[in-house]
Structures are given as structure tokens and as C-alpha cells.
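Listed below are the residues making up each chain.
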Amino acid sequence: MLVLSRQRDESIMIGDNIVVTIVDIRGDKVRLGINAPTEIPVHRQEVYEAIQRENLRASRLEPGDTQDIGKFAGRSSNGPTRPPEGPRK
Amino acid sequence: MRITTNRFGRIDVDPADILHFPSGLPGLEGCRDWALLADSDNDALGWLQSTTRGDVALAVVSPRRFVPDYQVRIPRSELTPLALADMRQAQVVVVVGKTDTGLTLNLKAPIVINLEARTGRQVVASGELSMQYEIVTQRPSLKKSA
Chain A
5 MLVLSRQRDE SIMIGDNIVV TIVDIRGDKV RLGINAPTEI PVHRQEVYEA
55 IQRENLRASR LEPGDTQDIG KFAGRSSNGP TRPPEGPRK
Chain B
2 MRITTNRFGR IDVDPADILH FPSGLPGLEG CRDWALLADS DNDALGWLQS
52 TTRGDVALAV VSPRRFVPDY QVRIPRSELT PLALADMRQA QVVVVVGKTD
102 TGLTLNLKAP IVINLEARTG RQVVASGELS MQYEIVTQRP SLKKSA
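Protein chains in written order, with my numbering: chain A, 5 to 93; chain B, 2 to 147.
Among the hints, erroneous ones may be present.
[Said to hold, decoys possible] As a list, the in silico EDC-like pairs of lysine to aspartate or glutamate whose alpha-carbon atoms are at most 20 Å apart:
#1 B:K99 <-> A:D13
#2 B:K99 <-> A:E53
#3 A:K75 <-> B:D56
#4 B:K99 <-> B:D42
#5 B:K99 <-> A:D69
#6 A:K75 <-> B:D44
#7 B:K99 <-> A:D72
#8 A:K75 <-> B:D70
#9 B:K99 <-> B:D56
#10 A:K33 <-> A:D13
#11 A:K75 <-> B:D101
#12 A:K33 <-> A:E14
[To be verified] DEER-style ranges, computed between Cβ atoms:
#13 A:L36 <-> B:E30: 37 to 47 Å
#14 A:Y52 <-> B:D56: 15 to 25 Å
#15 A:T42 <-> B:G10: 13 to 23 Å
#16 B:R74 <-> A:T42: 13 to 23 Å
#17 A:Q11 <-> B:R11: 51 to 61 Å
#18 A:N21 <-> B:R54: 40 to 50 Å
Simulated from the structure, these hints should not be mistaken for laboratory data. Idealized CB from N, CA, C, for every residue including glycine.
My request is simple: use the sequences and hints to build the entire structure.
See the structure below:
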């Protein structure tokens, strides 16, 4: 691991298109600003890893696993979320 | 476009329907293009099928059908990569998972789709939300005595 010391308002460049800036330091908490292209996701590590694990677990589901799901669904909502659309399999 | 899938066999997908995820998904970063298929048995369920990996598909649902008061607060920084002006142009789905006791929903990391641009991203919603919200349990229900 490369370890650098930075003060408030100083920055680090990663590659040629990622910039990490120390926005604020308060006690033992550091606020970081990250400038990166949108294709590069930026997340708190522990959250990202938890989502990775959950996605990999979910990717093992088969249609047989979800048979009962309809029993627990309410009626169609009119909210911003709509039932998935797309070609019928 | 014809794709071969493990779960659904060979299916035809209109290229105009394909959703592009610039960052893929955490754990599935290489899968950038997906087709959203409706489940033929269950209108509450969809399948996000990778168009490049036939073995990769995620079951997804519209979260409000299972969690009526689900209100997702997404930081603007998470929406900007999708070029979404506001959430009205978005479709939100959550991924269905499975534990020993039953089916779960990842409410913490919903998938947001820009319907017009046909792009998508899995985002991290603010607040205390579960990644494994239980919706189906196989615990036997307690019968009330007469």
C-alpha cells in the first residue's frame, strides 16, 4: 500500500483521471472528495464488498427458487416503480 | 439478437431493449449489458439476464409491491452517472436473494434504470436499509387454535 500524508485541501491523483481531495479533517474522521469518471464506481469499501457478496449469492438463484414469490406481492403500485417490463421468456 | 442462457434457453432480445450498465454490478463488473425479462409465471418478478454471460441472471422485483412504504433516498452523486434529472424517468428494482430461511430483497442497493437512455446502475441508498430484507420464509406458520 502506498501511504502519503496530506493536509486539508490537498489532493492525490490516481492514474490520470482520478483525484482524491481531503475536504475536511475533524477529530478522527476525514471527509474525502473523489473526482472520477462515471464508469468507475466509488464506494465505502465495506459496503461495496457486502453488495458484491450479496450479488454473487443472488446470481445463483434459479426460477424454481422464486416460485412462491407471487404469494407475497401486493397489487401493482402506481408509484415511480413499475413492474419489470420486457419480453416474456 | 439471439442469446443463449442457462435458465431460459435461447431467447431473442431486441437490441433497443438492452440496458447498458457502464460499471456493471458489484461482483459482476464485467457484465455491462443486460436484458430485463418478465417471468412468465409471476408478474411480480423480472429477470435481469446478462447478454454476454448466459449463466448470469438476477431475479428482480419492483420493491413497492413487497415493501409498500419503501422510499429510496439516493444521493445525487449516485444518480449523476445515470444522467437522470429526476426519479420520475427512473425505474427502481431490487435484487432477490436467498437465505436458508427464504427469499430476501436487497433494499440497501437498489438497481436504478434510466428508461429513456436505457442505462442502469446499482446504487447505495441512504439510511438504514437491509441487504437481506426477508419477504418469504419457510418457517411453518403458527395455526391459531379454535
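Against the structure, the hints come out as follows:
1. B:K99 <-> A:D13: It is violated: about 45 Å lies between the C-alpha atoms, which goes past 20 Å.
2. B:K99 <-> A:E53: 18 Å, holds
3. A:K75 <-> B:D56: Distance ~27 Å between K75 of chain A and D56 of chain B Cα, so the pair is violated.
4. B:K99 <-> B:D42: 19 Å, holds
5. B:K99 <-> A:D69: 8 Å, holds
6. A:K75 <-> B:D44: With Cα atoms ~11 Å apart, K75 of chain A and D44 of chain B stay inside 20 Å; holds.
7. B:K99 <-> A:D72: 12 Å, holds
8. A:K75 <-> B:D70: 18 Å, holds
9. B:K99 <-> B:D56: 17 Å, holds
10. A:K33 <-> A:D13: 15 Å, holds
11. A:K75 <-> B:D101: Distance ~19 Å between K75 of chain A and D101 of chain B Cα, so the pair holds.
12. A:K33 <-> A:E14: 16 Å, holds
13. A:L36 <-> B:E30: 37 to 47 Å: 22 Å, violated
14. A:Y52 <-> B:D56: 15 to 25 Å: About 23 Å separates the Cβ atoms of Y52 of chain A and D56 of chain B, which means 15 to 25 Å holds.
15. A:T42 <-> B:G10: 13 to 23 Å: With a Cβ separation near 35 Å, T42 of chain A and G10 of chain B fall outside 13 to 23 Å, so the hint is violated.
16. B:R74 <-> A:T42: 13 to 23 Å: Given about 20 Å between the Cβ atoms, the range holds.
17. A:Q11 <-> B:R11: 51 to 61 Å: Between Q11 of chain A and R11 of chain B, where Cβ atoms are some 59 Å apart, the hint holds.
18. A:N21 <-> B:R54: 40 to 50 Å: Violated: the Cβ-Cβ distance is about 28 Å, outside 40 to 50 Å.
In terms of the numbered hints stated before, the structure departs from hints 1, 3, 13, 15 and 18, listed from lowest to highest.
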